[in-house]
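Construct the entire structure; sequences and hints are all you get.
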Amino acid sequence: MITILIVEDESAIAELIQAGFEKAGYAWDYAADGKQAADKIEVRTYDLVLLDIMLPEIDGYELMEYIEPLGIPVIFLTAKGTTSDKVKGLRMGADDYIVKPFEIDELLARVDSVLRRYNKGQTLLYAADVVIDTQSRRVMQNGQEIMLTPKEYELLLFLVRNKNSALYRETLFERVWMEDFTGDSRTLDLHIQRLRKKLNWKDRIKTVYKIGYILEVST
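Reminder that position 70 of the sequence shown reads as 70 in full-length UniProt numbering, one-by-one numbering, no gaps.
In short, the hints are calculated from the structure, not lab data. Only a predicted model underlies this, so the values are computations on that prediction, with no experimental measurement involved. Heads up, the beta-carbon is just placed ideally off N, CA and C, and yes, glycines get one too. Any given hint might turn out to be false.
DSS-like, lysine-lysine: derived pairs with alpha carbons at most 25 Å apart [said to hold, decoys possible]:
{"id": "1", "residue 1": "Lys-151", "residue 2": "Lys-197"}
{"id": "2", "residue 1": "Lys-120", "residue 2": "Lys-197"}
{"id": "3", "residue 1": "Lys-210", "residue 2": "Lys-197"}
{"id": "4", "residue 1": "Lys-198", "residue 2": "Lys-151"}
{"id": "5", "residue 1": "Lys-40", "residue 2": "Lys-23"}
{"id": "6", "residue 1": "Lys-151", "residue 2": "Lys-88"}
{"id": "7", "residue 1": "Lys-100", "residue 2": "Lys-86"}
{"id": "8", "residue 1": "Lys-100", "residue 2": "Lys-80"}
{"id": "9", "residue 1": "Lys-100", "residue 2": "Lys-23"}
{"id": "10", "residue 1": "Lys-23", "residue 2": "Lys-206"}
{"id": "11", "residue 1": "Lys-120", "residue 2": "Lys-23"}
{"id": "12", "residue 1": "Lys-100", "residue 2": "Lys-88"}
Beta-carbon label-pair distances, calculated as ranges [stated by the list, open to error]:
{"id": "13", "residue 1": "Arg-137", "residue 2": "Arg-196", "range": "42 to 50 Å"}
{"id": "14", "residue 1": "Leu-190", "residue 2": "Val-87", "range": "18 to 26 Å"}
{"id": "15", "residue 1": "Val-99", "residue 2": "Glu-57", "range": "29 to 37 Å"}
{"id": "16", "residue 1": "Arg-91", "residue 2": "Asp-180", "range": "40 to 48 Å"}
{"id": "17", "residue 1": "Asp-59", "residue 2": "Arg-194", "range": "44 to 52 Å"}
{"id": "18", "residue 1": "Thr-83", "residue 2": "Thr-187", "range": "26 to 34 Å"}
{"id": "19", "residue 1": "Glu-57", "residue 2": "Gln-141", "range": "47 to 55 Å"}
{"id": "20", "residue 1": "Lys-35", "residue 2": "Ser-165", "range": "34 to 42 Å"}
{"id": "21", "residue 1": "Leu-190", "residue 2": "Thr-82", "range": "22 to 30 Å"}
See the structure below:
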């Protein structure tokens, strides 16, 4: 199982992240300051470190110098949002940089992207009668391959990774099409209709009034 070290001194934010990771199926460990984090990294192997910058004892930049030679992926999570701060973090070897406040869906998407880059993500995802092989990008339903377009596949992947959560149209569009949402949801709505038809998921991919869509599954 993927295990992520959360290094964050604000307990409310740490608890929010922990709940998100549990929902996404990630195991996690927690350190409230840089010294605790360094001690944990010394005795345990992590798949990724989520690292605040302004920490007691040892700050995030100093800890990054210790982590970088170990080859562990790092995402900086911080209130320091200036361009110079971002550039400094990325030049030190961080794989991504997220500025507080943030949406948990965005954090999970960024974590997933970094893990895939390191071939550490989950390769098989399950939702109801569908299995997604993220390595081969194949979608199987009851033993039969379902042929999807690239955008249909990415949309399904995001829905499955966030199953049972109401997702805003804006979030879905920006994560799948990687473009700013202008308010026109026709492209997204059309792809949702196609997914419902191809998977016979009319009762699973539901419209949420004034929000967007939710994939409702029990497994």
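Status of each hint after checking the structure:
1. The straight-line distance between the Cα atoms of Lys-151 and Lys-197 is roughly 15 Å, inside the 25 Å bound, and the hint therefore holds.
2. For a cut-off of 25 Å, the pair hint linking Lys-120 to Lys-197 is broken: about 32 Å separates their Cα positions.
3. Restraint check: the Cα-Cα separation between Lys-210 and Lys-197 comes to about 23 Å, which is no more than 25 Å; the hinted pair holds.
4. Among the hinted pairs, Lys-198 with Lys-151 is consistent with the structure: their alpha-carbon atoms are about 14 Å apart, no more than 25 Å.
5. Between Lys-40 and Lys-23 the CA atoms are separated by roughly 23 Å; this keeps the pair inside 25 Å, and the hint holds.
6. Between Lys-151 and Lys-88, the direct Cα distance comes to roughly 34 Å. Violation of the 25 Å bound is thereby established for this hinted pair.
7. The suggested pairing of Lys-100 with Lys-86 holds, with an alpha-carbon distance near 13 Å, which does not exceed 25 Å.
8. For the given pair, Lys-100 sits about 8 Å from Lys-80 by alpha-carbon distance, which is consistent with the 25 Å threshold.
9. Distance check on the hinted pair: Lys-100 and Lys-23 sit about 21 Å apart at the alpha-carbon level, within 25 Å; holds.
10. Pair hint Lys-23 plus Lys-206 holds up; C-alpha atoms about 20 Å apart against a cutoff of 25 Å.
11. The suggested pairing of Lys-120 with Lys-23 holds, with an alpha-carbon distance near 18 Å, which does not exceed 25 Å.
12. Straight-line distance between C-alpha atoms of Lys-100 and Lys-88 comes to about 17 Å, which keeps the hinted pair within the 25 Å bound.
13. Take Arg-137 and Arg-196: their Cβ atoms lie about 20 Å apart, and the range 42 to 50 Å is violated.
14. For Leu-190 paired with Val-87, a C-beta distance near 39 Å fails the hint of 18 to 26 Å.
15. Take Val-99 and Glu-57: their Cβ atoms lie about 23 Å apart, and the range 29 to 37 Å is violated.
16. For the pair Arg-91 and Asp-180, the beta carbons lie near 27 Å from each other, so the given range of 40 to 48 Å is not met.
17. At about 48 Å, the beta-carbon gap between Asp-59 and Arg-194 stays in the expected band of 44 to 52 Å.
18. At about 32 Å, the CB distance of Thr-83 to Thr-187 agrees with the hint of 26 to 34 Å.
19. In this structure the hint that Glu-57 and Gln-141 lie 47 to 55 Å apart at CB holds, the actual value being about 51 Å.
20. Separated by about 35 Å at the C-beta atoms, Lys-35 and Ser-165 satisfy the suggested range of 34 to 42 Å.
21. The given range of 22 to 30 Å is broken by Leu-190 and Thr-82, whose C-beta atoms sit roughly 40 Å from each other.
Consistency note: the structure conflicts with the earlier hints numbered 2, 6, 13, 14, 15, 16, 21.
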